[in-house]
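Student: Start from the sequences, fold in the hints, and give me the full structure.
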Amino acid sequence: MKDTIFKLLENKKIAKNTYECTLVGDTSHISASGQFVNLKLDGFYLRRPISVCNVEGDKLTLIYKVVGQGTEQMASMKGGEEILTLTGLGNGYNLEKSGDKPLLVGGGAGVPPMFLLCRKLISEGKKPTVILGFGSKDEVFYENEFKELGASVIVTTVDGSYGVKGFVTDAFCMVEYTYVYTCGPEPMLKAVYNKSTTSGQYSFEERMGCGFGACMGCSCKTKYGNKRICKDGPVLEKEEIIW
Amino acid sequence: MVSLKTNLCGIELDNPLIPASGTFGFGYEFAQIYDINCLGTFSFKGTTKEPRFGNPTPRIAECERGMINSVGLQNPGVDKVIEQELPKLRKCFFKPVMANVSGFSVEDYVYTCERLDKMDNIGWFEVNVSCPNVHGGGMSFGTSPEAAAEVTRAVKAVTTKPVIVKLSPNVTDIVSIAKACEEAGADGISLINTLLGMRIDLKTKKPVVANKMGGFSGPAIKPVALRMVYQVYDAVKIPIVGGGGVSTAEDVIEMMLAGASAVEVGAANLVDPYACKKIIEDLPRVMEKYNITNLKDIIGGAH
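If you're matching them up, the sequences are chains A and B in order.
Numbering follows my numbering, with no gaps: position 44 of the first sequence is 44.
Numbering follows my numbering, with no gaps: position 270 of the second sequence is 270.
Rather than coming from a laboratory, the hints here were simulated on the basis of the structure.
All C-beta atoms, glycine included, are put in the ideal place defined by N, C-alpha and C.
Some hints could be false.
Partial pick of chain B residues on the chain A-facing surface, computed with a CB cut under 8 Å [to be verified]:
1. V2
2. S3
3. C9
4. G10
5. E50
6. P58
7. E62
8. G66
9. F94
10. P96
11. N269
12. L270
13. Y274
14. M287
Each computed DMTMM-like pair below joins lysine to aspartate or glutamate, with the alpha-carbon atoms no more than 25 Å apart [to be verified]:
15. K147/A to E10/A
16. K227/A to E183/B
17. K227/A to E85/B
Tutor: What follows is the structure, given as structure tokens:
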């Protein structure tokens with residue numbers, strides 16, 4: 001964990017209510033995909049936790065959805081602005097159990113952490129398939145970016161306006177896989193949990209106070225005891241999850 | 001050279017800074033990012049007789065200049081605290097620590113304090129009387145002078161360490177409760193705990209936290225805390241631990257002028273994990289600015 005200042009290079013809209021921002025700063029404390037950073041925004045008391053989409057050298061890419069006042073303000077930030085950022089938070093994904101053909105399932109704002117994970121898996125010689133789930137065609141992002149990494153990509157939309165019609169789990173029949181990595185809204189995680197036939201790692205979201213394990217605001221019960229989503233998570237093993 | 005030293009119930013503190021219970025765990029998370037021995041002491045996570053998961057999530061809501069929490073005293077219970085948490089704490093913090101204790105009956109407080117009193121690295125008890133009394137119709141111990149005094153007397157009877165009673169601000173007359181605790185034998189008064197508050201989500205049109213209400217803390221509550229510390233200082237002779245919205249060295253000085261011998265920092269730790277370290281490092285500069293040589297000399301200076 002490190003509290004450090006990042007400089008915003010670019011902040012652009014890439015889909016409906018969805019923004020991609022590129023920051024430059026000390027990324028050395030980000031050790032795994034699936035981790036997050038906590039941003040201090042002017043005028044807001046608590047920081048905003050955003051998952052890491054990509055890290056290359058001193059460049060950090062975050063993708064966020066405008067869902068409230070904080071992210072609304074973030075959307076108006078301009079290149080050159082400085083943001084105090086607590087980095088290297090959360091446990092992140094463990095790559096060791098992936099097998100040769102891991103399945104990566106991201107839903108909406110749960111898509112971004114799949115990107116760094118996918119890059120890392122491919123660099124280790126794995127052959128990941130990525131299912132990206134969205135509500136509608138205008139929300140779709142990063143399909144090409146995942147393809148450029150060399151992954152097989154399936155896009156699903158709930159209304160059928162793009163790709164496979166339905167939920168991410170409706171595309172499971174098209175894939176052979178050895179392990180599941182997923183991030184998305186809780187109903188989606190639960191559907192993936194029920195549909196998938198292998199073990200996996202599930203990244204959860206919860207309203208946080210501090211983001212580094214001090215306040216116990218984001219606790220959840222697991223089969224391995226109480227865990228703090230921000231510190232002991234956000235990634236939980238399939239075997240420990242209690243719905 | 002300025003002196004930051006202060007004294008709390010007979011124990012000397014290198015400086016008045018005390019991270020407040022519930023914002024600092026058992027210290028070791030923070031010890032990974034700085035040497036927490038720079039602190040005066042810290043008040044560890046509120047400990048109860050039985051293990052508690054606490055309230056359902058979401059438990060956090062943001063406010064203007066503050067936050068609401070409804071964590072609900074999540075802790076592993078006193079036996080696990082002694083077995084697992086205190087050994088880890090001992091490895092990173094070498095000063096006497098403050099044991100924050102909660103209970104839902106007088107017997108709960110007695111059980112927990114009796115066990116913790118045997119731990120030699122505990123310097124003080126901070127008895128949180130803001131919890132509901134399950135045998136008293138659910139009313140918080142801290143809202144009645146008699147109930148607060150009853151807890152104080154019972155804890156004093158089974159402990160050897162100084163007992164500081166942490167009061168709830170959600171009362172009509174904080175002074176009468178502080179006096180009742182002093183008469184019952186309290187060695188100090190800590191105030192304020194969080195103010196009961198609420199936020200409502202305009203999208204769902206329902207309260208943000210699952211528990212509907214929670215404790216409001218942060219810079220927004222500082223004027224309320226200062227007022228109560230000021231009032232209680234006038235009414236009691238025992239030392240006061242003042243807290244509520246403290247985030248800067250200036251806030252520490254203001255709280256001591258109101259009457260605090262030591263100062264708790266709560267919500268600020270959650271926004272900036274280095275908050276207490278920064279305040280301690282900044283104190284000499286701010287003291288010089290306001291011509292203060294000995295921090296101890298300004299306690300109650302506003303009276």
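Student: Honestly, which of those hints from before does the structure not fit?
Tutor: Structure breaks hints 1, 2, 3, 4, 5, 9, 10, 14 and 16.
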